[in-house]
Amino acid sequence: MKKDNSKLPGFLTTASTHTIGNLELSKLLSEVKSARVVDGKIFIGDQELSAYLADQLGYDSDSHSIKNLVKAAILRAGGKNGAPQELPDGASISDLLTADAQYVLLASYLDAIVKHFNIKGAVSLQEVNACVLIQDAIDLVSGKINS
Amino acid sequence: MKYIFVLLLLINTIELNAQKTPAWLNNIGIRKSFEDDESTQNPGLFTMSIPKEKSPSYLVDFGLKYNLSAAAKQSQSSIIGEYHRNSIADGPVNNFQIGYKFMSILKKPEPLENVFDLLNPDFIQTYKTFKLNTTAKYRYDKIEGSQGIAATAMFSYFQQGPRASVRTRWSSWNSNKDSNFAYLLVPEFGIEIQNNFKADSTIYKGFVGRTVAGMQISFGSIFPNKANVYVPLNRWLFTVDAKLRYDVVGKEYSSSRWHPLIKTNLDFFLIYSPVKVIFGPAFTYGDNPIAGFRQFNFQPQQFWTIAFKVQK
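From first to last, the protein sequence lines are chains A and B. Throughout, the working numbering is defined as the position within the first sequence, counted from one, plus 956. Throughout, the working numbering is defined as the position within the second sequence, counted from one, plus 45.
Next up, chain A with everything else stripped away, as it sits in the complex (with noise of 0.2 Å):
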């Protein structure tokens, strides 16, 4: 995937005076011309693009996983505070959800993920009280984004 110059948005040209400073833009704009199609997915350099554009930013691809945003939200409907990875795949929902108002604050929270990521889905509080354990809401969760 290769364009020139006059089709990138202005801020991605080396005239830019863009606060990230010219030298580093110049940086970046070789490697996104450096962009490939390989089996229908954008790599730039060794990453995929979104996990080209997460370093970029600034993320931490595995604290900003699904994995992780699943397990974070089942402790913020649980009224946890604290880090996700620390919660483990295989503990128990029941375990940390005791009212039925957490499972549906639970539903809206993964609702929002998945349509965060896919437009199209959707997640019902039928599917979430179906999940026993904390994989099966990553599954479910995983399954719907990649739908």
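Watch out, some of these pointers could steer you wrong.
[Said to hold, decoys possible] Below 30 Å or equal to it, Euclidean Cα-Cα: the simulated DSS-like pairs (lysine-lysine) are:
1. B/Lys153 / A/Lys1076
2. A/Lys1071 / B/Lys173
3. A/Lys1100 / B/Lys153
[Unchecked claim] Residues on chain A that point at chain B, a partial pick, calculated with CB under 8 Å:
4. Leu1025
5. Leu1031
6. Ala1039
7. Pro1044
8. Thr1054
9. Ala1055
10. Val1060
11. Ile1069
Keep in mind that the hints were calculated from the coordinates and are not lab data. What you are looking at is a predicted structure, and each value in this text was computed from that prediction instead of being measured. C-beta atoms are modelled at their ideal positions from N, C-alpha and C, and glycine is treated no differently.
Please build the complex by placing chain B on the supplied structure of chain A, with the hints as guidance.
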């Protein structure tokens, strides 16, 4: 007042939810009664002793629920059955109920503005809603010789946020991975009606409508769980389930229009795995006309139990 020591096998409010469990088992719930909010644990209870020379004694508080559909659109319909039998208190109880339950959460949460807010460790979204628990039941009471219908409509209140403190929570446990104390408050209010269309005595025949107000309070000491820091383990847990009923319309089945009912439990957790083994006393005071737990000699009843409990 009677003191008894019993070994009980108590079945928790189930989540018979293990993986690969058949779907119909996932729809079953067990607890003492299904009239109230199900935010707190209230395990079913069954004990019976059959002496050689004396009459058998019973203490049964057992309710079974089967969900007709998985919870969807914030509501759920269930078939419920309850059996209450008590021969260890001053006044006997032998009461059976079967009917329908409808639960509904009245308000949806606001949609998230940014899903990545969830990754903020201190993020707690404000969510306030009432929950409605309604039941309609046929009841048969062998002691009264009565048959009739009973219906309840109870509202409970749920709130989480805006901050993760006790003051901003109702019907939601206040505990975190660093906590050493957990706290739960569940307020309830509503109405119940009872119409006994047949009874051995005219005392128990007729219609009565009551208002009901209640509060469930649980608190206890907790410590970190190495297997899951977000699910702390209990050292001890004290629970009070208090309800006050008042006969507003219709006849009185007893000497007073007021019907207090207070159930307390103090549980000490002895073993956590593979099952929880809990030991502690429980105290019950008052009366509950629909469940057949009535006054004795024109006074509220009271009795103690001390039990070992086994929970999944």
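Evaluation of the provided hints:
Under the criterion of a C-alpha separation no larger than 30 Å, the hint pairing B/Lys153 with A/Lys1076 is consistent with the structure, at around 21 Å. Under the criterion of a C-alpha separation no larger than 30 Å, the hint pairing A/Lys1071 with B/Lys173 is consistent with the structure, at around 24 Å. Our distance criterion of 30 Å between C-alpha atoms is met by A/Lys1100 and B/Lys153, whose separation comes to about 22 Å. Satisfaction of the interface hint for A/Leu1025 is found here, the shortest Cβ-Cβ separation to chain B being roughly 6 Å, below the 8 Å cut-off.
The beta carbon of A/Leu1031 comes within 6 Å of a beta carbon in chain B, closer than 8 Å, and the hint placing it at the interface holds. Against a cut-off of 8 Å between C-beta atoms, the interface hint on A/Ala1039 holds, since the closest Cβ of chain B lies about 6 Å away. For the restraint placing A/Pro1044 at the interface with chain B, the shortest Cβ-Cβ distance is roughly 6 Å, inside the 8 Å limit, so the hint holds. Restraint check, A/Thr1054 versus chain B: the minimum CB separation of about 6 Å is within 8 Å; hint holds.
With a least beta-carbon distance of about 5 Å to chain B, the hint placing A/Ala1055 at the interface is held under the 8 Å criterion. At about 5 Å, the closest approach between the beta carbon of A/Val1060 and any beta carbon in chain B falls short of 8 Å, and the interface hint on this residue holds. Because the smallest distance between the Cβ of A/Ile1069 and any Cβ of chain B comes to about 5 Å, under 8 Å, the interface hint for this residue holds.
Of the hints listed earlier, there is not a single one the structure fails to meet.
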